[in-house]
Amino acid sequence: MTAELVRGQNHPLPDTRLELRVSAGHPVVAGATLGDEQGRVAGAEWIAHPGAPVRPGIEVTGDVAAEHRIAVDLAALPDTVHRLSLLLALPPGAGGPVRFGTAAAPFVSVTGPEGAAVATYTITGLDRESAVVALELYRRQGVWKVRAVGQGYEGGLADLLADQGAPAAADLAAAVLDAAGPAVPAPPVAPPPTAPETAPAGVPADASADASATTAISYAHPGRRPAPGPAAPASGPDTGPGAVPPQAGPAGQAEARPAPVAGDATGWTMDERLYNQVWGMFEDLARSVAAYRSARDFADHRLDRAIDEVLADPGARVGGAGDAARAAARATHDELMGRAQEALDRDLAQLTAESEVVEPALPVAYARWDNPVWHAYRTPEEPPMAVRLGDLHLPERTGLRIPFLVRLPLERGLWVDSGPGRTSAAGLLDEAELRRLALDSAVAHTARLLAAHPAGALTVHVLDPADGGAAAFAPLVETGVLAAPPARGAAGVAATLAQLTERVDLLQMAVRGDASEDLPPGFDLSRQLLVVHDFPHGFDDRAVTRLRYLADEGPSVGVHLLMVADRADAAAYGPVLDPLWRSLLRLTPVPDDHLADPWVGHAWTYEPPTVPPGSAVLWQVLGQVAEARRRNLD
Amino acid sequence: MTVNMTKGQAISLEKKGGGSLTQVRMGLGWQAAPRRGLFGSRTREIDLDASAVLFAEKQPVDVVFFRHLVSDDGSVRHTGDNLVGGVGQGGDDEAILVDLQRVPVHIDQIVFTVNSFTGQTFQEVQNAFCRLVDETNGQELARYTLDGGGQYTAQIMAKVHRAGAGWQMTALGSAANGRTFQDLMPAILPHL
Chain A
1 MTAELVRGQN
11 HPLPDTRLEL
21 RVSAGHPVVA
31 GATLGDEQGR
41 VAGAEWIAHP
51 GAPVRPGIEV
61 TGDVAAEHRI
71 AVDLAALPDT
81 VHRLSLLLAL
91 PPGAGGPVRF
101 GTAAAPFVSV
111 TGPEGAAVAT
121 YTITGLDRES
131 AVVALELYRR
141 QGVWKVRAVG
151 QGYEGGLADL
161 LADQGAPAAA
171 DLAAAVLDAA
181 GPAVPAPPVA
191 PPPTAPETAP
201 AGVPADASAD
211 ASATTAISYA
221 HPGRRPAPGP
231 AAPASGPDTG
241 PGAVPPQAGP
251 AGQAEARPAP
261 VAGDATGWTM
271 DERLYNQVWG
281 MFEDLARSVA
291 AYRSARDFAD
301 HRLDRAIDEV
311 LADPGARVGG
321 AGDAARAAAR
331 ATHDELMGRA
341 QEALDRDLAQ
351 LTAESEVVEP
361 ALPVAYARWD
371 NPVWHAYRTP
381 EEPPMAVRLG
391 DLHLPERTGL
401 RIPFLVRLPL
411 ERGLWVDSGP
421 GRTSAAGLLD
431 EAELRRLALD
441 SAVAHTARLL
451 AAHPAGALTV
461 HVLDPADGGA
471 AAFAPLVETG
481 VLAAPPARGA
491 AGVAATLAQL
501 TERVDLLQMA
511 VRGDASEDLP
521 PGFDLSRQLL
531 VVHDFPHGFD
541 DRAVTRLRYL
551 ADEGPSVGVH
561 LLMVADRADA
571 AAYGPVLDPL
581 WRSLLRLTPV
591 PDDHLADPWV
601 GHAWTYEPPT
611 VPPGSAVLWQ
621 VLGQVAEARR
631 RNLD
Chain B
1 MTVNMTKGQA
11 ISLEKKGGGS
21 LTQVRMGLGW
31 QAAPRRGLFG
41 SRTREIDLDA
51 SAVLFAEKQP
61 VDVVFFRHLV
71 SDDGSVRHTG
81 DNLVGGVGQG
91 GDDEAILVDL
101 QRVPVHIDQI
111 VFTVNSFTGQ
121 TFQEVQNAFC
131 RLVDETNGQE
141 LARYTLDGGG
151 QYTAQIMAKV
161 HRAGAGWQMT
171 ALGSAANGRT
181 FQDLMPAILP
191 HL
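Chains as they are written, first to last, in the UniProt record's numbering: chain A, 1 to 634; chain B, 1 to 192.
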């Protein structure tokens, strides 16, 4: 029965006298390397190739051909040989294919003494490779087996030999290809007179069996340094561009992992790409941490169980058996945690690197206030996809901040909670300080929303019934970005709410009746943002009802809420207001872990965006917004 | 090239040269067998579902199926429920992608199962297969044919498990009965 092998699969060999048959459909050089227990090829005398077709226990065909038959006698191989690799290489300059990807997949078979195939393997999936290890016959506990390998090398035979630890692999490879016969028209380009000093001397071009003979001729590419030392694993330092095999090992991937690029996501515009990238980073961080936490919980659980078992076993209580078992359980725990930490560190390092390139590339709507992009602020032509309402991080790596981007137009109102939060950060501050911070961050959110909209596309109303926020609202009032001065007292609250409620009614009617052209002439179609401070001061029942109406119905017709409030202040209303609070997106003026991600539901610590102390960026930006607004009105 | 795996056969997912597979896809494809007789053109729709159960030391930790498409850690992803099959005409109708590098360190086995959600047995399914593909280059590593099956509604296809630093796949191919993976848990446990 013939075993049709798949890459990586192995099969026992029935006999020591075998024939390896190669059928490639195009001319190839076939050879074999003999490796020791580690698979290492000690030198040129351990390679059977067209220049030296006969080695103990193996004989290869001496020319470049599409069909090869290689005789192997495993019993005659030296005892030090534990692995025989069948390799195929494309002869350079023969007019044939230069990479396996453009040629028919080579087919190799191992046949027994009667000519019956023992195992076959078609080497598929090759692309840019010009040399490939097709099969290996290996000795495992005194028994020979065959394994389908199919490992290709983009850097050709030189890389293949270097990977097997052959010294002066580049020279050897050149010698093998050179000796391959008439199908190779010309030897490689004349080498430089002086070989690089680190290059071990190569074998002569006629590839005599005496591999220790040295020669001044080096076939190494002048611009390419041969792999130093015997072991140059495929994933190690490469020997030139394109020398890394397509499937590098884990270590190689860590090195070869492409540097992150800002905007590396799908989208029609840079804005959309960055938005998607930030959300991709958000998801990746959530999931990497979920993997870590899951492993940690498992390790802890297992440790507890193991210790319980030790305690439950009366025999283990006396003597050192119990201690040993406990130590072993702890060691397993630490080992697992070590690996989990390693995986987490790897992921977080990648995300940190990405964050470092993405953060400076963000446009104003997504940028932190200390980002220099704000200094070049100009009113946008159209609103961005989203705005940044702060940063998110997890306790595993507090330094890795994910921008908290919320889509525009806002689907829910915002609520900056000025009440004492649950976190220690809020507990350390007195109530007045917390309220001041809440109002400041609400003003910063307002400024950002204004800056994100084109001139005149967002109209901001402020309710400040007790006039308690005059200082904080100064940037908005004095730069002139508000449509009207902050509304004061119960009358002001009632008037503003009535105006906005009427607006929502009118717009809803227009939308339902599909009659937007019937709106009164000169009707301002801009979006509206209502900033409410000191709720419920100055609110009567009618005003509260209107506020709730705006929170529910406003967003669909472009009327949005930004509340700065302590829920406890409105406790007198009882559960009537619960739906209002629930419908708003709660933000805090100090870091607080109340936001959950949509994938795993971690508690993320939200941190509000802060304007750097002493910076005039808010005033500058609002000045620009006001200026554009005035020009727009003229 | 395809290897039609036999029951219990194991293949290593590691490659020569230190490289190992990083992304694999477990693909599932099927078509409903045509019904004979009156109104024979009315093919009965068959909904097969692919699921992956993640185990740590024989304890189920997470599961990826049509109601939970991504494992919490993000390493195993289901491309979505297909209710009728046959859309790819030989391609994968449902697929589960596994990013082997990102599988949490304590997960040591991932078991893939196929269930008939609509309750038909595998006798009524045609051209059904399950295959493991190296997602990085699209090469098919192993293929399993489901049809010609007997009176059962589920199959525990294969498991991918850690072996040394890399991963190995073992074909299980054991028949079972059940509507979703939950029903299969007793049948899965002996294979761990």
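What the hints contain is simulated information worked out from the structure, not anything from laboratory work.
Any given hint could turn out to be false.
[To be verified] Okay, derived cross-link-like pairs now, EDC-like style, lysine to aspartate or glutamate, Cα gap no bigger than 20 Å in a straight line:
(1) B/Lys-58 <-> A/Glu-335
(2) B/Lys-58 <-> A/Asp-345
(3) B/Lys-58 <-> A/Glu-4
(4) B/Lys-58 <-> A/Glu-309
[What the hints assert, rightly or not] Have a look at the derived ranges for each label pair, beta carbon to beta carbon:
(5) B/Gly-91 <-> A/Gly-43: 45 to 53 Å
(6) B/Glu-45 <-> A/Gly-142: 37 to 45 Å
(7) A/Glu-342 <-> B/Gly-91: 21 to 29 Å
(8) B/Glu-45 <-> A/Ala-349: 31 to 39 Å
(9) B/Glu-57 <-> A/Ala-596: 37 to 45 Å
(10) A/Ser-615 <-> B/Glu-57: 36 to 44 Å
(11) B/Gly-164 <-> A/Ala-349: 54 to 62 Å
[Stated by the list, open to error] Some chain B residues flagged as far from chain A (calculated, every beta-carbon gap over 12 Å):
(12) Gly-74
(13) Thr-121
(14) Gly-150
(15) Leu-189
Beta carbons are placed, not taken as given, at the ideal position from N, Cα and C, and that holds for glycine.
Quick rundown of the hints versus the structure:
no. : hint                                : in the structure
1   : B/Lys-58 <-> A/Glu-335              : 19 Å, holds
2   : B/Lys-58 <-> A/Asp-345              : 27 Å, violated
3   : B/Lys-58 <-> A/Glu-4                : 33 Å, violated
4   : B/Lys-58 <-> A/Glu-309              : 18 Å, holds
5   : B/Gly-91 <-> A/Gly-43: 45 to 53 Å   : 49 Å, holds
6   : B/Glu-45 <-> A/Gly-142: 37 to 45 Å  : 56 Å, violated
7   : A/Glu-342 <-> B/Gly-91: 21 to 29 Å  : 37 Å, violated
8   : B/Glu-45 <-> A/Ala-349: 31 to 39 Å  : 48 Å, violated
9   : B/Glu-57 <-> A/Ala-596: 37 to 45 Å  : 29 Å, violated
10  : A/Ser-615 <-> B/Glu-57: 36 to 44 Å  : 54 Å, violated
11  : B/Gly-164 <-> A/Ala-349: 54 to 62 Å : 25 Å, violated
12  : Gly-74                              : 3 Å, violated
13  : Thr-121                             : 30 Å, holds
14  : Gly-150                             : 26 Å, holds
15  : Leu-189                             : 18 Å, holds
Going through the hint list in order, the structure does not satisfy hints 2, 3, 6, 7, 8, 9, 10, 11, 12.
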